[in-house]
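> In order, the protein sequences belong to chains G and U.
Counting in our numbering, the first sequence runs from 126 upward without gaps.
Counting in our numbering, the second sequence runs from 3 upward without gaps.
In short, the hints are calculated from the structure, not lab data.
Worth double-checking, as some hints may not be accurate.
Derived DSSO-like pairs (lysine-lysine); straight-line CA-CA distance at most 30 Å [claimed, not checked]:
id	chain 1	residue 1	chain 2	residue 2
1	G	Lys184	U	Lys71
2	G	Lys184	G	Lys203
3	G	Lys203	G	Lys187
4	U	Lys71	G	Lys335
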Amino acid sequence: MATATPPSVPIHATPPPRVVGVSWRRVDRVGVALCWAAGLLLCAIAAAIVIFMLIQGLKYLKPSLLTSHPVSDTDQSKTGGFLDPLIGTLLLTVLGTLIALPLGVVTAAWLTEYGRPAWFARAVESGIEIVAGTPSIVLAIFGLLIFQQHVFSFLSFTAQGNAVFGRSFLTAGSMMALIALPLIFGSTREALNAIPAHVREASYALGKTKIATIRRVLLPSARTGIGTGTALGMGRIAGDTAIVVILLGATLQLDPEGSIPALRTLTGTGGTLTSYVYNNSPAGEGNAPQKAYAAAFVLLLMVLALNFAIDAVARGRRTRWSR
Amino acid sequence: MESLIPPPIRRIVVEDPPTVVSGAPVHKPGNGSPAAFATIAHRQRPARLVAPAERMTLERLSVTYGQKKAVDSVSLPVRQGEVLALIGPSGCGKTTLLRTLNRLTDFTATARRDGRVLLDGADVDLLDVTELRRRVSMVFQQPNPFPMSIFDNVAYALREQAQRRPRRAVLEPAVVDALQRAGLHDEVAEDLDHAALRLSGGQQQRLCIARALAAQPEVLLLDEPCSALDPRSTEIIEELIVELRKEVAVVIVTHNLQQAYRVADQVAFMYLGELVEYGPVDQVFGSPRAQRTRDYVGGAFG
Numbered sequence: 126m127a128t129a130t131p132p133s134v135p136i137h138a139t140p141p142p143r144v145v146g147v148s149w150r151r152v153d154r155v156g157v158a159l160c161w162a163a164g165l166l167l168c169a170i171a172a173a174i175v176i177f178m179l180i181q182g183l184k185y186l187k188p189s190l191l192t193s194h195p196v197s198d199t200d201q202s203k204t205g206g207f208l209d210p211l212i213g214t215l216l217l218t219v220l221g222t223l224i225a226l227p228l229g230v231v232t233a234a235w236l237t238e239y240g241r242p243a244w245f246a247r248a249v250e251s252g253i254e255i256v257a258g259t260p261s262i263v264l265a266i267f268g269l270l271i272f273q274q275h276v277f278s279f280l281s282f283t284a285q286g287n288a289v290f291g292r293s294f295l296t297a298g299s300m301m302a303l304i305a306l307p308l309i310f311g312s313t314r315e316a317l318n319a320i321p322a323h324v325r326e327a328s329y330a331l332g333k334t335k336i337a338t339i340r341r342v343l344l345p346s347a348r349t350g351i352g353t354g355t356a357l358g359m360g361r362i363a364g365d366t367a368i369v370v371i372l373l374g375a376t377l378q379l380d381p382e383g384s385i386p387a388l389r390t391l392t393g394t395g396g397t398l399t400s401y402v403y404n405n406s407p408a409g410e411g412n413a414p415q416k417a418y419a420a421a422f423v424l425l426l427m428v429l430a431l432n433f434a435i436d437a438v439a440r441g442r443r444t445r446w447s448r
Numbered sequence: 003m004e005s006l007i008p009p010p011i012r013r014i015v016v017e018d019p020p021t022v023v024s025g026a027p028v029h030k031p032g033n034g035s036p037a038a039f040a041t042i043a044h045r046q047r048p049a050r051l052v053a054p055a056e057r058m059t060l061e062r063l064s065v066t067y068g069q070k071k072a073v074d075s076v077s078l079p080v081r082q083g084e085v086l087a088l089i090g091p092s093g094c095g096k097t098t099l100l101r102t103l104n105r106l107t108d109f110t111a112t113a114r115r116d117g118r119v120l121l122d123g124a125d126v127d128l129l130d131v132t133e134l135r136r137r138v139s140m141v142f143q144q145p146n147p148f149p150m151s152i153f154d155n156v157a158y159a160l161r162e163q164a165q166r167r168p169r170r171a172v173l174e175p176a177v178v179d180a181l182q183r184a185g186l187h188d189e190v191a192e193d194l195d196h197a198a199l200r201l202s203g204g205q206q207q208r209l210c211i212a213r214a215l216a217a218q219p220e221v222l223l224l225d226e227p228c229s230a231l232d233p234r235s236t237e238i239i240e241e242l243i244v245e246l247r248k249e250v251a252v253v254i255v256t257h258n259l260q261q262a263y264r265v266a267d268q269v270a271f272m273y274l275g276e277l278v279e280y281g282p283v284d285q286v287f288g289s290p291r292a293q294r295t296r297d298y299v300g301g302a303f304g
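Next up, chain G with everything else stripped away, as it sits in the complex (with noise of 0.2 Å):
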């Protein structure tokens, strides 16, 4: 076994000194300026955000107000807490979820993986574009034009003289939903299109039929695209209320209809913290602006902690295959 001969040329050579700004053209370090500067633009307006709320929220911010039932009154001291919207949107982003959530995976598994006829997946496909362009005030108007109709008239109240209301947390729920269904469908589609052609191909080969794929081996790929989607879907909602003046009556507090007891509250009206924000601030009825910033920065957190946790599951355990 002959050893090789040393390389004629020596591998940790000195690298030539670099020569620097010769090769920069002024247009490159213009450009190389402005990105600098828009990328500090930026991180300055999201911790402006940040430290103002902080500064108000914790400032008016007490448990009391997360554990007390808000009150009407023209004193501030005698408004109570915001108990209510902070179910309320709870109550309406789990609720929009859940419509959403398998809808918007179903369609993005029949899309990249059955897709035929070609016209019909085109049609789907500026369907769900049309529904994420749509205003989310239009979509609001466009539900209550709906849900008004004696079909639905379950899901809210029939008031005296045979009128549907059309406004409750189901109406709102099912009109969020469309706002969270396009994020879902999206980055559940985009995961699945991730996929290398030969792991469905090697389930395929395995005897499987393409539901068994889909269910067993695609879907479980694609878990943390469905999980990024939810997530931002759920900050949507969270953060929408044009939906709720509209098609939840944006109560101060929640208002249950109807007998049964856990479904009154559900075709009842009620609030959320983003119209209790609203009502309160300086902008709405102004009552009680201490409460609206208190609220508006509970609702930072809420979507703040969304974002992180989207961080969190994109990052932890990516699992790829090489194409």
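Go by the hints and put chain U onto chain G.
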């Protein structure tokens, strides 16, 4: 501005300077004589232990993608007890031919097939496709364990379509057996519940082989199973292939001529969709009849 540009990454030599291995690479021209091959490649396969039995038969098989003819009227036997290697340059139809054997080409919308493929005398078109694929299993170029535990990966083929039944206790012996046949059991016996994707590349590929063996197939198709692996893992899998030919008919597609020489009993050389030469490995590498085969195994092209 200086700090914005990272310094160029240099290769850091951590080991001793490489020693020259006495065997020259095969792709040098004029290396195709049997003597050259015998000195380079260490033969894995011992003499045949069982008499070969024909499991699959290809009769004038043609596959076209739109206008392009990928496989042109190929007739071949696939026998249990021996390893059949498909060799040839890229795009010559080896992989297409392999994928036709378990009807994976059905998924390619443009693919059209003529001729017959028989499994134990029965036309594969007449078999239920899921049944066919349980009997003709496949391992791919890239290791692709499913995102579940090692146990569930192997049990996957044994379970109902999308069910968790039969339960673990029922499947345990079959799973352990498959892992043993794939030579992986000793390494993972304690970690059957660990995620399969945490195994090393070579272990993942052996897991894929175990997965393919679990349903007791009659034919095992291997599509360049070692091309993503390191030499040590490759060696383990080659030994495994030679071992497996006793129980299943093995068809392997490979770009690596030395690998074909090491593991195969029969070699089929394909070029532009046609089967140019088929015969025992010593004949195809040692005294090829066709000029194109001689050029290819000699390294003149490919």
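> With the threshold set at 30 Å, check whether the alpha-carbon distance from Lys203 (chain G) to Lys187 (chain G) stays at or below it.
Since the Cα atoms of Lys203 (chain G) and Lys187 (chain G) sit roughly 14 Å apart, the hinted pair holds (cutoff 30 Å).
> Against the 30 Å threshold, does the CA-CA distance of Lys184 (chain G) and Lys203 (chain G) hold or violate the hint?
holds, 18 Å
> Hinted pair, alpha-carbon criterion (30 Å max): Lys71 (chain U), Lys335 (chain G). Please report holds or violated.
At roughly 28 Å apart (the allowed maximum being 30 Å), Lys335 (chain G) and Lys71 (chain U) satisfy the hint.
> Given the hint that Lys184 (chain G) pairs with Lys71 (chain U), test it: the Cα-Cα distance must not exceed 30 Å.
At roughly 76 Å apart (the allowed maximum being 30 Å), Lys71 (chain U) and Lys184 (chain G) break the hint.
The earlier numbered hint that this structure contradicts is number 1, and it is the only one.
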